[in-house]
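Residue numbers (my numbering), protein chains in the order written: chain W, 144 to 545; chain H, 144 to 545; chain D, 144 to 545; chain U, 144 to 545.
Calculated from the structure, these hints are not laboratory results.
Treat the hints with care, as some may be off.
The list cannot tell twin chains apart, which means a pair is met if one copy fits it or any two copies do.
As the list claims (entries may be wrong) - Below, a list of computed lysine-lysine pairs in the DSBU-like style, where the Cα atoms sit at most 35 Å apart:
1. K466 to K444
2. K195 to K466
3. K441 to K486
4. K441 to K304
5. K385 to K537
6. K385 to K486
7. K482 to K537
8. K385 to K466
9. K385 to K530
10. K482 to K385
11. K360 to K530
12. K530 to K486
13. K530 to K466
14. K277 to K466
15. K441 to K530
Protein chains: 4
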Amino acid sequence: MVSKMIPGFNGLAVPGPTNMPFAIRQAMEVALEDHRAPDFPEFTLPLLADVKRIFRITTGQVFVFPASGTGGWESAVANTLSPGDQVLAAVFGQFSHLWVDLCRRFGLDVDAIELPWGEGTPLELYEQRLRADKTHQIKAVLVCHNETATGVTSEVGGVRKALDAAGHPALLMVDGVSSIGCIEFNMEAWGVDVAVCGSQKGFMMPTGLAIVAVSQKALQARATARLPRCFFDFNDMILANKDGYFPYTPATTLLRGLRASVDLLESEGLEQVFARHHRLATGVRHAVEAWGLRLCAKHPKWHSDTVSAVLVPDGLNANEVIKTAYHRYNLSLGSGLSKVAGKVFRIGHLGYLNELMVLASLGGAEMAMIDCGIPIEAGSGVGAAVKHFSRTAKQFAPVKAA
Amino acid sequence: MVSKMIPGFNGLAVPGPTNMPFAIRQAMEVALEDHRAPDFPEFTLPLLADVKRIFRITTGQVFVFPASGTGGWESAVANTLSPGDQVLAAVFGQFSHLWVDLCRRFGLDVDAIELPWGEGTPLELYEQRLRADKTHQIKAVLVCHNETATGVTSEVGGVRKALDAAGHPALLMVDGVSSIGCIEFNMEAWGVDVAVCGSQKGFMMPTGLAIVAVSQKALQARATARLPRCFFDFNDMILANKDGYFPYTPATTLLRGLRASVDLLESEGLEQVFARHHRLATGVRHAVEAWGLRLCAKHPKWHSDTVSAVLVPDGLNANEVIKTAYHRYNLSLGSGLSKVAGKVFRIGHLGYLNELMVLASLGGAEMAMIDCGIPIEAGSGVGAAVKHFSRTAKQFAPVKAA
Amino acid sequence: MVSKMIPGFNGLAVPGPTNMPFAIRQAMEVALEDHRAPDFPEFTLPLLADVKRIFRITTGQVFVFPASGTGGWESAVANTLSPGDQVLAAVFGQFSHLWVDLCRRFGLDVDAIELPWGEGTPLELYEQRLRADKTHQIKAVLVCHNETATGVTSEVGGVRKALDAAGHPALLMVDGVSSIGCIEFNMEAWGVDVAVCGSQKGFMMPTGLAIVAVSQKALQARATARLPRCFFDFNDMILANKDGYFPYTPATTLLRGLRASVDLLESEGLEQVFARHHRLATGVRHAVEAWGLRLCAKHPKWHSDTVSAVLVPDGLNANEVIKTAYHRYNLSLGSGLSKVAGKVFRIGHLGYLNELMVLASLGGAEMAMIDCGIPIEAGSGVGAAVKHFSRTAKQFAPVKAA
Amino acid sequence: MVSKMIPGFNGLAVPGPTNMPFAIRQAMEVALEDHRAPDFPEFTLPLLADVKRIFRITTGQVFVFPASGTGGWESAVANTLSPGDQVLAAVFGQFSHLWVDLCRRFGLDVDAIELPWGEGTPLELYEQRLRADKTHQIKAVLVCHNETATGVTSEVGGVRKALDAAGHPALLMVDGVSSIGCIEFNMEAWGVDVAVCGSQKGFMMPTGLAIVAVSQKALQARATARLPRCFFDFNDMILANKDGYFPYTPATTLLRGLRASVDLLESEGLEQVFARHHRLATGVRHAVEAWGLRLCAKHPKWHSDTVSAVLVPDGLNANEVIKTAYHRYNLSLGSGLSKVAGKVFRIGHLGYLNELMVLASLGGAEMAMIDCGIPIEAGSGVGAAVKHFSRTAKQFAPVKAA
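Just chain W, same shape as in the assembly (with noise of 0.2 Å):
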């Protein structure tokens, strides 16, 4: 919430929603406008295409829907899946069950291995239930490609490897809401059918769109999917995105605002962009080594560029620190989920982001640890950051560098 109460910009260091561009925000302030204007499609069409090349797609299609990410989920199983239909998938945080309590509830049969909170995708045994499957009675393999509970990123190329080499076909379906627009993500190539974001994380822009991009293969499964949709309807979304239109009203607002996310990110280069996340991500977790604190992510190869869930000492509640840094610092920082509530609290570190914003988040994080009792020297986290930025800007500073 935009605190009334503490004045100075919020420093918003939640995993999404991030931070928003000037010019974001300039390309929503339009007058509300006819969706069905003779001109729309001059708007929608070359968008709906441009869409694709942030999920790194040259087939298939992306849809827009007025959601959020949940809505994204929803709309990958309900139009591929039928009930009864097995769904392989594995539980390590808040948001990977949560996609699977969604199937449950829509009656799909989910082998869901649940994993201790701070690991990954488990790549062998995802392997093992695939060769396993020799009937191929398993339709849909889900990936949790950014952990956004827990800091962990898994490797999607993995889980693609691991079908393959089971000769498998399931349809592949990866969360991306908070790494598409971030960290690497390699739709095509990595043979990914759906892959679901939101606009409010790596796209920089308010919360309300639930973006899905799906492969030819899965677009195919409609024909045969039988849970049953509407709102999520992809068919009814390529009928009329076919001429530039809308099954309903579509929120226009956030589509003018979706023009000038993917300008910017193409602008800035998806390269340059994923490069920028991992080098502050990276500061990040100097500092957390520098306080002399753990993350949650358990090993380094699943540490995630786009959040970091720092671990507080036993005997102390995160809360109070995410709390003293809302209350006395304007610092928003993202609280445990569930299994880890009170146990870490999340920089995240994602978006519209540089390094004088991360170090406003790790100088909060470092005045509410200390206001805690947290054992921490005062600038230790952000001098390291602050080393590791100064070390690393040479080859990262724009043209005009002095």
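Let chain W serve as the given structure and place chains H, D and U on it in line with the hints.
Here is chains H, D and U on its own, set in the frame of chain W:
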């Protein structure tokens, strides 16, 4: 679409999205915010309570989904019904048709009474059907309060009377997308069980919120309702809303706008809002009469105070009028949908609107009709509206009038 | 003022401030910025160069002060004249009067020809005075290009001819506040030495910039000009602008808007902008004629394409019309100033404007006049304009017209 | 400039323009409006009255010009003095220099005491000069309350004491551009006659308003003041403001922002605003000390709570730090002006600011200094500020702190 081609503001005279007040624009001019902030409930709890007054309910609950009206329809049935349930409905326009279509996709058994477009909900037929259903197989009765495609307003209270007369316990579900916040809607008095609205009509906001009010009786129906649901699940909303939070990331920017919208509606006063819509709509109808044209609505009792569908003379294509108005005069009129395509153009007169804005739309329609060879007298329609507005101005004039 | 009392947009039909395009609003939707940033000149240097094209000069310089048109007048005389210098001017409205008043306060010796309000610059009298001034005591000739108070446009080119005919070297200074960017203004061809404009008229921006174009000849006059100056000093501007900076903090937000304004004007094309203003103004004049009323401008050659001052019948108070329009219909008409107070109401028709916006103003004026007992026929004025706009639409219609 | 090159928000750490609160942005998100509207005074009269409280006066008058602080300086002298009048001033930085320069251009006889940059107003020398002026030839005494170029705050109350001690009737004129609304300014208690401010510092707004408070005594000086004036004439303002209007088109958009600005300052409370500035400034000074660097201000009594000018070690060019900060880290630091160019970089810490924003600026300065080879320890300055802020947080924490 906001035309880039013609200077000056677009005349937005479609029946939604409507014109957006600056107060709403201002309210949405915020930074993105943390929807899990400790003080977020201080904003959301009063908001969710206050929205109930717009529906005129004191019990039950209002749900705000990041979606559109179509999503609201889906939430209505998915949370209360089970596959195979019987539903009574009538089809007399594109939107009454689409809700029925949605029900059928969700496996409901819809008795949809087909009527000529331009008529409204058939109260007597409804009562007959309900009386005949001795075993109460009909679980829900659908009413399209204001058929946006034809400019027809039905009598919701009459359906309640029919239900009561038949002693029938079916849920009464109303599509109030283009009526709520514009014309009288008295949910509690009329015993409506689910009322569906969107943000882009009477709420004068961007598209992106489905606003759904639900009675206690309909909430209890969740217990037995077996249609699958997750994104639109009332349960999850109830649990999270109780504490002022949401089950997934809410569209906070739009919620800020909703706060302003409710405040605007209440500061004008709902009765005044309704009276204003009636007076402006009457001016439009005087104009249509002065032009020598007819409305699609077949009887004055069905005249809609939010949208007028104007029939063009036989042999002429209404789409030519719409295209001319748009490309030549920057005026967005609503087109005829489906069965009435080419036969009508629609003038939306709802939301944030006053006499001047109506006169601009009428004047623009006159120019476009003249250009297309429709034999109307220049100034006749505008003049009729000017007369009506002047004649009725005193009792509607604000306190400060000279 | 943005009325809080009447729903719907205010009809802004005063002769400035004008309606603001969204493109300008978007451009000003930026964070505050450092006006000494290393790359600030990359923004300002092209901007200052491009503004010259709006004045139609290729030499000389444009200065942009954080001020209003009055400040522009002051800069014109303070940088070029000395106490006691003779100035030739004519007074035929409130704004031509005020510039003369300013000159006198600065100790200039103004020969101000007083004329009936409704007339324009007296070309023959000017030429007589200039021919009579054999010793060239007259240092500057002032012209109010468009007298906003009376809706009178004078012939600036005619004054140039008078100067040339007399072989007189006086500086030609023009108040183009309500003309530049709206009606033909050809500074170089007309040999204008100082042209003064503000941001809130043809530039379609908020008030806050005085935009002043100065010829080489006028720039050289600085050397001998002894009037004191600092805030409005051209010298300081020249020195700082050369490198893209300003002598004191510039209004950067408005400069961002100015960039968008120049781009908008040039993307429409100045000739098209002028033609649009002429066509819309002609529609207004047809309406006035249809109402049976007269303009303040005493001869068609003086008809202004940016503002029409409409005389109300004797015995009626134009202010009643204005107040009724404002309080009852949310329409802002311009009031009569000074000598014509109560006798005229003014309809501004300049800036970001199209047919629909003009029709709304005319319709609003009709309602207010009828309410005040002025015997006009409802729809007559609007109808006359509708006819004119329809008849002339084709050649003005955009490429895409049906 | 809003850099297009580096993602993330610009760190605006110049001493004005300052960061703009969303509440001010929202307030300016209006349509352009008629400044002669019948109800415009309902907005302006309370506003003009309320601004007086920010200056802490109950008598006299506040004038709001569409201009900048330089225009405010000009208004102060032009309305109260005559050519040849004696003025006492001191020069110890770029802005104290510029006001003296302006006075000289207006023909005033300025006794400008030249002091080393880094010192403040010389109270004893002032008293000597005033005592020596037995015939009261000195008509005005100028004080630069906060010299923005060097980060030096002078004691205005001390100048009042000097005047009183000398029994001298000269007007006391204060440049409060970078102090008012940030640090204690008690116009009435200090007997200040003219206080000049701009909108882009403590008022947290875009540049574009000169806000000038004038005592009764200074208002009376108009009667004898013979300097020419029109745009900045107090008389015209007094006459028009009396009824809530302005002598020429006011910058209404900025006036809307000013309303929000005054409300923000008063809702935080001026005393709290001053305490916040002091606490944040103290954190910055701790950082500078931890870096092993010195401030330009030569004595703690002159330390400014709104801007710190940091001296870089001999042989290094401060501009390199500034350019590196800007181009590499999107941080805008203030450059050294005139005599201290290349010797200092300035950190602005005024306006809408909190701990996090200060830490970001300090962290950015650290990175830039390290990159430029200034031997400071990474994290040392930020750490010192973190310690200070944490140590002093409780008494400054808002009511709701955990």
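Flag every earlier hint the structure violates by its number, smallest first. 9, 11, 14
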